[in-house]
Each structure stands twice: as C-alpha cells, then as structure tokens.
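**Student:** Start from chain A and add chain B according to the hints.
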Amino acid sequence: MRCDEVTAMLPALVDGEPVGFDAERHVETCLRCQAELARYRRLLRTLSMLRTRYVEPTPGLLGETLAAITEAAEHGARHTLLSGRRLAYAGAIGGSALAAGATAMVLIARSRKRALSLAG
Amino acid sequence: MEIRLDETELVGAARSGDRQAFDELVRRTFVDTFTLARRLAGNEEDARDVVQEAYLRAWKGIGKFRGDAAFSTWLYRITANAAASNLQRRRRQRSVPFDDDFEPVDTGAEQMVSQSAESAEALDRIAGALDELPAKLRSVVVLKDVYGMSHEAIAEELGISVSAAKVRLHRARRKLRDVLYDEGAQADAM
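One line per chain: the protein sequences are A and B, in this order. Per this note's numbering, numbering through the first sequence is continuous, rising by one, with the last residue being 199. Per this note's numbering, numbering through the second sequence is continuous, rising by one, with the last residue being 200.
I should point out that these hints are in silico values taken from the structure, not numbers from a laboratory. Any given hint could turn out to be false.
Partial selection, computed: residues in chain A whose CB lies under 7 Å from chain B [stated by the list, open to error]:
id, residue
1, VAL134
2, ALA147
3, ALA151
Where chain A lies over chain B, by a calculated footprint (3+ residues, C-beta under 8 Å) [said to hold, decoys possible]:
id, segment
4, 39–48
5, 182–190
Cut-off 16 Å, straight-line C-alpha distance, at most; resulting in silico cross-link-like pairs (EDC-like, lysine to aspartate or glutamate) [stated by the list, open to error]:
id, chain 1, residue 1, chain 2, residue 2
6, B, LYS70, A, GLU150
7, B, LYS176, A, GLU96
8, B, LYS176, A, ASP94
9, B, LYS146, B, GLU166
10, B, LYS176, B, GLU166
11, B, LYS74, B, ASP28
12, B, LYS146, B, ASP56
13, B, LYS70, B, ASP28
14, B, LYS70, B, ASP33
15, B, LYS176, B, GLU162
16, B, LYS70, A, GLU153
For every residue, glycine included, the Cβ atom is placed at its ideal position computed from N, Cα and C.
So here's chain A without its partners, still in its complex pose (with noise of 0.2 Å):
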C-alpha cells in the first residue's frame, strides 16, 4: 500500500479501530506513516486535555438559568393545575352526560312497560 492509501486510515487506527492487514503492516515498516501516526496520538491526547479546561460562564447566566428553571416549573405547574381542572370539568360533564342517558333509558322502558300494559 502506499502512504497517501495508509494515510487516510490513520484517524480511525489511532483509536485501535481495524483498517485491514496491508494497512497496518504498511504501519509497522513505514517511518513516515509512524510519524503521523503519533501526531494523531499526540492530537487525541492534547484534546483529551481540554476535558478540564474549564471555560468560565458569562457573569449572571447561573442565576439567569436558575430563573428561567423557576419560571419554567411554575409555567408546568400552572399548566398541570389548569389540566387537573379540565380534567375535572370533563368528568363533570361525562358523569352528567351518563346520568341523563340512563335517566332517559329507564323513562323509555317504563312508557313502554305501560303502552304494553294498556293494550293487554
């Protein structure tokens, strides 16, 4: 294989990830290639670094998203609340909905018991 096919393949074998036989035997005997290699090694280290270069937050945004935490969760409790009451309003409305149906079943059933009745 030559460098420039070998090349290519580096930022996937600096993780140990398989690029193939030719590839990695090409690896062990080309200077070159080894010197590449250990740039990107020494790049993954270097980033590995940055981990705990910590970049400090804009002054105020803790307590900016400390408020807006706060104004969230109160918009889902008034929102929760205003649910609970649809929920109840629902109920209210089916239950009476039912109520009538049944009373209406029953006033039918009779009026029929005693349309039988009279013409027996």
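**Tutor:** Here is chain B on its own, set in the frame of chain A:
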C-alpha cells in the same frame, strides 16, 4: 450548620421534585456544563442558549433519570442534544454553515510542533482550531475525543448513524491535524 449532600442524595431529592436540590445540582455542574456547551457551540452566545436549554430539559426529565449512569454523563448527553437542536434552529434562522466549507486558519503550527502538546498555549490553539471546525464535525470530535462519549451515544444524541458519527470524527481529526501539525508533516516529507 449546613449539611453538604452528595450528588446521589441531591439527585434523589430532585427526582422527587425538590427544587432546591436541583438548583444545587445546577450550581455544582454549571461550569462543567457551560464548558461543554461552549466547546460544542463554538461561540459564547450559542453556548448560553445551549446551557439554559440543557438545564430546562434536565429539570423536566429528572423524574425519568434512573441513575444507571452518573448524573454528569446524563447531563452531557442532554447538553449534546440541546446543542444539536440549537444548531438546527440557527441554521433555519441564519443559515449557519453546516458543511465542509472549512479553511484551515493560521494557528502558528510551526511553533506548535516545537512545543509540548500539553502546554497551555497548545490547549488554547487546539480550542481555537475546534471553534473553526464546521459545527457537525466539531460536535462529534468534542463528544468523543474530549468527553469520551461512545460512538453509539453520540449518534443517538445527534440523531445520526454510528457510521456517520465515525466518518465525521475521522474528518474532524484530519482537519485538526492539518491545522495544527501541517508544518511538521511538510518537514517530514522533505
């Protein structure tokens, strides 16, 4: 006397709806989360939006947090997802470049090669080079190489396939390598 609760206790209380406990979690993780948001967003303004969105999502979702992973890991994933959403929103609003229209900037690569990779200056240079990467490449390399997230987790939070995450990672590494070590490579080739 104030009793300092540990993270597990705070998470437990926050899951039960204790706002004070959640606020304390926010205070303890804020710098770390802001740093991740800043690295992902590539600029301060978007980082502010991302960090606020991340904590709002965390507050809404804390009841579902099972504690399988560390709270910080869970928060990283939420932040990554919030950053991806922010990027999509920004693209719609002002057509943020999302592809590979990336030109390596002069970051003083020749000095970089001769210095220790771990020097403060090297870290500043690499942070600057990350900011210059296209957003979709930056997200993946930050989450994988800086924060050590798995390809699977990255793919899930960014809404892409695992193979796409790997392709983006490798491209990002190549671009960073070009920016930071190009002088060295040319020297080697001579």
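**Student:** Hint by hint, note whether the structure agrees.
**Tutor:** Taking the hints in turn, this is what the structure says about them:
1. Look at VAL134/A: its Cβ gets to within about 4 Å of chain B, closer than 7 Å, so that hint holds up.
2. Of the supplied interface hints, the one on ALA147/A holds, with its beta-carbon coming within about 5 Å of a beta-carbon of chain B, less than 7 Å.
3. Using the Cβ-Cβ criterion of 7 Å, the hint placing ALA151/A at the interface with chain B is satisfied: the shortest such distance is roughly 5 Å.
4. For the segment 39–48 of chain B, the assignment as covered by chain A holds, since 6 residues bring a beta-carbon within under 8 Å of that chain's beta-carbons and 3 suffice.
5. Check result for the segment 182–190 of chain B against chain A: holds, 5 residues qualifying (beta carbon to beta carbon below 8 Å, three or more required).
6. Between the alpha carbons of LYS70/B and GLU150/A the distance comes to roughly 12 Å, so the proposed pair stays at or under 16 Å and holds.
7. Of the pairs offered as hints, the one joining LYS176/B and GLU96/A holds, with about 11 Å between alpha carbons and a cut-off of 16 Å not exceeded.
8. Among the hinted pairs, LYS176/B with ASP94/A is consistent with the structure: their alpha-carbon atoms are about 11 Å apart, no more than 16 Å.
9. This hinted pair checks out: LYS146/B and GLU166/B have alpha carbons roughly 14 Å apart, not beyond 16 Å.
10. Taking the CA atoms of LYS176/B and GLU166/B, the gap is near 13 Å; set against the 16 Å cutoff, the hint holds.
11. Taking the CA atoms of LYS74/B and ASP28/B, the gap is about 14 Å. The hint holds against a cut of 16 Å.
12. The suggested pairing of LYS146/B with ASP56/B holds, with an alpha-carbon distance near 15 Å, which does not exceed 16 Å.
13. At most 16 Å may separate the alpha-carbon atoms for a hinted pair to count; LYS70/B and ASP28/B meet this at roughly 12 Å.
14. Between LYS70/B and ASP33/B the alpha-carbon distance is near 13 Å, which keeps this suggested pair within the 16 Å criterion.
15. Distance restraint check for LYS176/B and GLU162/B: the Cα-Cα separation of roughly 10 Å lies within the 16 Å cut-off, and the hinted pair is therefore satisfied.
16. Restraint check: the Cα-Cα separation between LYS70/B and GLU153/A comes to about 12 Å, which is no more than 16 Å; the hinted pair holds.
Checked against the numbered hints above, the structure breaks none of them.
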